[in-house]
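A.B. asks: Spelled out, the chains give:
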Amino acid sequence: AAASSLQFALEEAAARFSQQTGHTLRLNFGSSGNFRRQIAQGAPFELFLSADEGFVQALYQDGDVDNDGVIYARGRLAWVQPKGRYSAPDEQAPLAGVHAALEALQAGQRLRIAIASPEHAPYGIAAREVLRNEGLWDATEPLRVQGENVSQATQFALSDEARGGLVAYSLVLAPTLSERSEYVLIPEAWHTPLRQRMVLTPQAGDAARAFYTWLQQSEAQAIFHQYGFSTD
Amino acid sequence: MVKLTVEAQQAGPIPLNAEFSCLPGELLALVGPSGSGKTTLLRAIAGLYRPQHGRIECAGDTWLDTQRQQSLSPQRRRVGMVFQDYALFPHLTALANVQLPLRHLPTPLRRPKAEQWLETVRLKGLENRYPSELSGGQRQRVALARALARDPQVLLLDEPFSAVDQVTRRRLQRELARLRQQISIPIVLVTHDLEEAAALADQICVLHNGNSLQQAPPETLFRTPASPNVARLLDRNNVFDGQVVEVDGTRRLQWGRYALDVASGLEGLNVGERVAWYLPPSDIVLHRRDRPSQGERENPVAASVDEIIVLGGMTSVALRVPHGDMLRFDIATHAVRRNQLTPGVAVNVSLLAGGIHLMPGHGVDTAPDEKRNTP
Amino acid sequence: MVKLTVEAQQAGPIPLNAEFSCLPGELLALVGPSGSGKTTLLRAIAGLYRPQHGRIECAGDTWLDTQRQQSLSPQRRRVGMVFQDYALFPHLTALANVQLPLRHLPTPLRRPKAEQWLETVRLKGLENRYPSELSGGQRQRVALARALARDPQVLLLDEPFSAVDQVTRRRLQRELARLRQQISIPIVLVTHDLEEAAALADQICVLHNGNSLQQAPPETLFRTPASPNVARLLDRNNVFDGQVVEVDGTRRLQWGRYALDVASGLEGLNVGERVAWYLPPSDIVLHRRDRPSQGERENPVAASVDEIIVLGGMTSVALRVPHGDMLRFDIATHAVRRNQLTPGVAVNVSLLAGGIHLMPGHGVDTAPDEKRNTP
Amino acid sequence: MDWSALSVSLRLAIFTCLFLLPIGIWVGRRLATAQFRGKGLCEALVALPLVLPPTVLGFYLLQSFGREAPVGQLWMSLTGGGLTFTFSGILLASLVANLPFAIQPIQRAFENVPHNLREAAWCSGLSPWQTLLLIELPLVWPGILSATALTFAHTLGEFGVILMVGGAIDGETRTLAIAIYDRVQAFDEQGAAQMAALLLVVSFTTLGVVYGLAGRRRWARG
Amino acid sequence: MDWSALSVSLRLAIFTCLFLLPIGIWVGRRLATAQFRGKGLCEALVALPLVLPPTVLGFYLLQSFGREAPVGQLWMSLTGGGLTFTFSGILLASLVANLPFAIQPIQRAFENVPHNLREAAWCSGLSPWQTLLLIELPLVWPGILSATALTFAHTLGEFGVILMVGGAIDGETRTLAIAIYDRVQAFDEQGAAQMAALLLVVSFTTLGVVYGLAGRRRWARG
Ligand SMILES: Nc1ncnc2c1ncn2[C@@H]1O[C@H](COP(=O)(O)OP(=O)(O)OP(=O)(O)O)[C@@H](O)[C@H]1O
Ligand SMILES: Nc1ncnc2c1ncn2[C@@H]1O[C@H](COP(=O)(O)OP(=O)(O)OP(=O)(O)O)[C@@H](O)[C@H]1O
Ligand SMILES: [Mg+2]
Ligand SMILES: [Mg+2]
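Sequence lines, in order, name chains A, B, C, D and E. The numbering of the first sequence is the numbering used here, which starts it at 1 and goes up by one. The numbering of the second sequence is the numbering used here, which starts it at 1 and goes up by one. The numbering of the third sequence is the numbering used here, which starts it at 1 and goes up by one. The numbering of the fourth sequence is the numbering used here, which starts it at 1 and goes up by one. The numbering of the fifth sequence is the numbering used here, which starts it at 1 and goes up by one.
Keep in mind the hints are simulated off the structure, nothing from the lab. It is possible that some hints are incorrect.
Said to hold, decoys possible - In silico EDC-like cross-links for lysine to aspartate or glutamate, where the CA-CA straight-line distance does not exceed 20 Å: (1) Lys83/A x Asp170/E; (2) Lys83/A x Asp188/E; (3) Lys83/A x Glu68/D.
As the list claims (entries may be wrong) - The following residues of chain D were derived to be distant from chain A, with all beta-carbon distances above 10 Å: (4) Ile14; (5) Leu21; (6) Leu62; (7) Leu137; (8) Ile169.
Every residue, glycine too, gets a C-beta built ideally from N, C-alpha and C.
So that you can see chain A by itself, here it is in the shape it has in the complex (with noise of 0.2 Å):
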């Protein structure tokens, strides 16, 4: 079970994996709110890689896994926006898109910006903590539309209607997504790190061990790079 915003990433890896050592994997990408509840219950998940640690800290507290797991990369947070049809991303001034639509409105143009949804995202929470760092929480207010989770917000930040949207770097990358999109990575500065934990849960079998500790290897370390994530 991943987080959804690993989709390409952990692909890529997994392929990698049992290429090497045989052993097949079935991945389960989706929001890491669900597995973790999910988990509790008793889910038949092995392997358990958040998207934000706070999971994965709340089911070793809760007793469901037996430890707290490591920390196998950080998210980054990107602006993205519809390519080719505003100005160009500046790496200067990575929120430069958000100050255009907000005088797209003064002038009577609501452009949207869309981020996860800011309660329950991490990519949310980092984006709210990066607009309010700037100041520019409030006066987005009507401009902001939010996904329930990052892809959905990658989505909305894609539509017709968006100025563009701080989203998920991993997701830009995605092939199909980087022929329609421009975007620029956020200082990591900004905003508290976004560190994916990940953890073995008491199914873990061989297999589910073998990734969990190949993960952290340099190989794995490199793909996760690849894709998007700081990795230490």
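Given the coordinates of chain A, assemble chains B, C, D and E with the ligands onto it according to the supplied hints.
C.D. replies: Same frame as chain A, but now just chains B, C, D and E with the ligands:
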């Protein structure tokens, strides 16, 4: 006793106070004005309606006894019922409708038996029509066939011929008469056609506002109705008001200026008592112009022709007597021509003493007021 | 012309080949066996059914002309229709049902008018009942009131009295007769009750299998039906098969061993020709035992009593003549008693020459076989 | 408690019912009374919004509501505003998603109106319109109530489609169902339970009233 | 194409219909014919699963299906297995979620069966059971078909509840709807569209067949 006996009493919502019985092989006609509770009583017999108080027995079994909280389900009562609105199953063909109550027969026998019943009601060829594709009378006949097919212990027919033409009706009536000889069960027939009741029934029970007023064989009923009310419900005219008098030492019935001879019934009455009386139209004899008629000296009454209505071979005649009452009777149309009856003509008639029927204890004015029907 | 004329032809699915007309203020009765298309024709007049070929005109307007592809909607035809199954609106009270067609009146007038109509059909006090809370006859009367309330240009009544008792029926018939004098519109009445048709109708149209066989005033129809088929549909018995013969230079009708005198109709026929003939029951005169009867020398026929059915004041008598045919007629019950008629007794009757009605071109065997009804 | 979400939910549910009922009555009546080829196809089409997972339906709607898509363009030219992420947008989506709920019960009800009652109404001089209003609608009333209840309840509970098309904007497109979902996802189970209780009370009251009304008819069939 | 997900979806839909129809017929008939106090309440209760957002409903079901919860325990003691994350679990959840779809149309249909037909059946000697089978069921057939179609289609499309209770386990609880959702989430719009097309074809065929059957009845009312 293997007869059907029915007693039902309740105050509302449908007032009932009825009691009647029917022997096996006998046909009982329930007659009464629209809304008098005929359908309700049939439904009570079938177990579809439960009166507050009542007792129904049939073929020795108690079907309903409200005192003992006993009530058999409709299925266990084995009644064949023709509903007033047919209640055919719209999703089944005529044949399948009739086949349904035949489920006690082995499967291969059902179809031929159902076809036979449909033939009995003259619907051969329409077996595969759905009820919506049949005319009103055809539907009614399917309903009749379905009731007969049930092989019932009692047959309940709610105006089973009301929608069929006279010729077919006659045939179905004949069929019903034949059936009565074959299967010896009580048959209760609701009808508004008094002729039909007279022709078919062994017993007629007259209902009014849920009350059973009189049960008797047709002949008796038509000749000696229990009250002016019954007479009127039976569409008998010739109900009058008279007074018991004594003339030359014999009791007579004073009617206008006539003191009528009465064959029987006057003995028990006091002189001076007012009494309602009835004369069947068959006991009114018209005096012929050209020669004396039989019984001419019996209660001769002078009257004038008020109305002549020719109904084919028969003609209905209304005569007005001097004090205003109206005598009505039917005679053959050729007799009307022969006697040259036209409105206004003065004629003499005899009121046969043997036919005069006294109904003491009832004023003529206790006529059925249909408004009492209402809640 | 302001009369109603109807023509309808089609081969299927319901075969029709009918033609009839009705003057304003006139009442036309449609009679015919169950399934003969009476309801279908009324529906065609009302615009609810469209025959393949046909023409309907009323009050000078063309309501239907299939040749010119013209057809008025039911709303614009202004017909008052009593449906055979009443078709009351189940969600409206009796009063509201009757109020519905009164929407051309100003609102405050509707309610009193509707109440008035309900009173006319003797339903006062039941205004606030829903159809499901009424008896069959009460429902039918609501339907009648609703049709009358429409203030129609033509009144179409599909067995409007079939579910009401005889007394109420009589009142409603009287009401209808009164109405006819007030509003001068054509009235088409479907009925299976021939007496009703005879009593109420100015014209009767006999239908069979969708064909209109004859239209005529009742008296004419009952005395001179156009064919044995019509006679049989009208429930007339006394239809026989005879042969034209010449006796002593005059044409006679040979019937068994009798060569009957016939008042008219024989002239146009050839000697030797077989011909169906009919005698109205009113033209059969029973010879009295004690003294000679009038017209005794006219076509005397010896017969034996086959059947005696007492129906109240009247008795139906069937006599068998030597060659097997059966003569049926009604006489007063007291006449039966007087003549001591019982089954088996030999009697003489006269067949009045003026009543004998010849129906050349038809064999008696072309009887209506209801099986032809079927598709 | 999230009152603005409740207000959005209620407004959405009420407007959906208001718009959908006439459509349901019209389409249901057509499907019930008219006989034409491909009727089965039409009926299946009506049921389609049921088949697609809400988010997928929402996804397709989102795409077709966009500025470049035909529906969005049409709307743009009519009103000057966009469809996605607006109340109008989720209303339109909700209309599509609830089509089957509105039409099916009404259609079945119309199928059960005996045809001769219509004929009797015509013969009483009622125009087709008056027949519809005075005769047919009262007779199909239980079906209409059913449709209203189902539509209302389903709109209150609908979440995937609304979220996808609306983007959960506070006070505009964020419904109570979305708010509850957010609470659940944020592991605020108590808050979720409270809002769910509120939702239940609202729906329950509405449904209770609706069915109470339906049960009150005094007349009976047949 | 995800055939195993299709198979799970079809199995789920078919079983849901199979189990739910008898329930729908029984409850619908009771609600239609019996007169008792609190009937409106019962009807509202039946409609409840509609009101809750699917994921919220799923959440509550997940909790009550757990090993410590009463339903889960009962199931455990009956079968020895767990309910959550198994096919039985999503089937049970689907039964709950589809209750209103199955009951409502059938109830309305039963309400339209004239009572005197029942009486005529009893007088023809049919037991209440036979009356149900031979008279009432054929008459409410359109309603049953409606219920089947709605239930079938809705089960195919249902996603929130199933995902929550079933956890999207391949070949066991991962339905086509979930697979489509996953494809959408992964921005694989083409894959999603293909699967959605498959889903549509399946449902369309089923619905078409169902409504085709419904349209075939030759008899008419009234
Ligand atoms: N939908 C239909 N399809 C085929 N035939 C039909 C259909 N409806 C009626 N019929 C047939 O048409 C014929 C005429 O029917 P109609 O109702 O006009 O008869 P009717 O004279 O009114 O009979 P009744 O006196 O029994 O009411 C009947 O034989 C009937 O079976
Ligand atoms: N549900 C009801 N509630 C109250 N009164 C009713 C109800 N159903 C019928 N009635 C009344 O009960 C009385 C008896 O009805 P019933 O149907 O037994 O009459 P009936 O003798 O069969 O009349 P008809 O000859 O007209 O069929 C009628 O006055 C009718 O109005
Ligand atoms: Mg009755
Ligand atoms: Mg008819």
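A.B. asks: All hints are to be evaluated individually against the structure, with a verdict given for each.
C.D. replies: Hint check results:
In summary, the hint linking Lys83/A to Asp170/E is not supported, as the alpha carbons are separated by about 36 Å, beyond the 20 Å threshold. This hinted pair checks out: Lys83/A and Asp188/E have alpha carbons roughly 18 Å apart, not beyond 20 Å. Between Lys83/A and Glu68/D the CA atoms are separated by roughly 15 Å; this keeps the pair inside 20 Å, and the hint holds. Taking the minimum C-beta to C-beta distance to chain A, about 24 Å, the non-interface status of Ile14/D holds against the 10 Å cut.
Its beta-carbon lying about 30 Å from the closest one in chain A, Leu21/D satisfies the requirement of being farther than 10 Å from that chain. Consistency note on Leu62/D: stated as away from chain A, yet its beta-carbon is not over 10 Å from all of that chain's, at 6 Å minimum. Taking the minimum C-beta to C-beta distance to chain A, about 40 Å, the non-interface status of Leu137/D holds against the 10 Å cut. The beta carbon of Ile169/D sits about 6 Å from the closest Cβ of chain A, which is not more than 10 Å, so the claim that it is off the interface is violated.
This entry does not satisfy hints 1, 6 and 8, going by the numbered hints stated previously.
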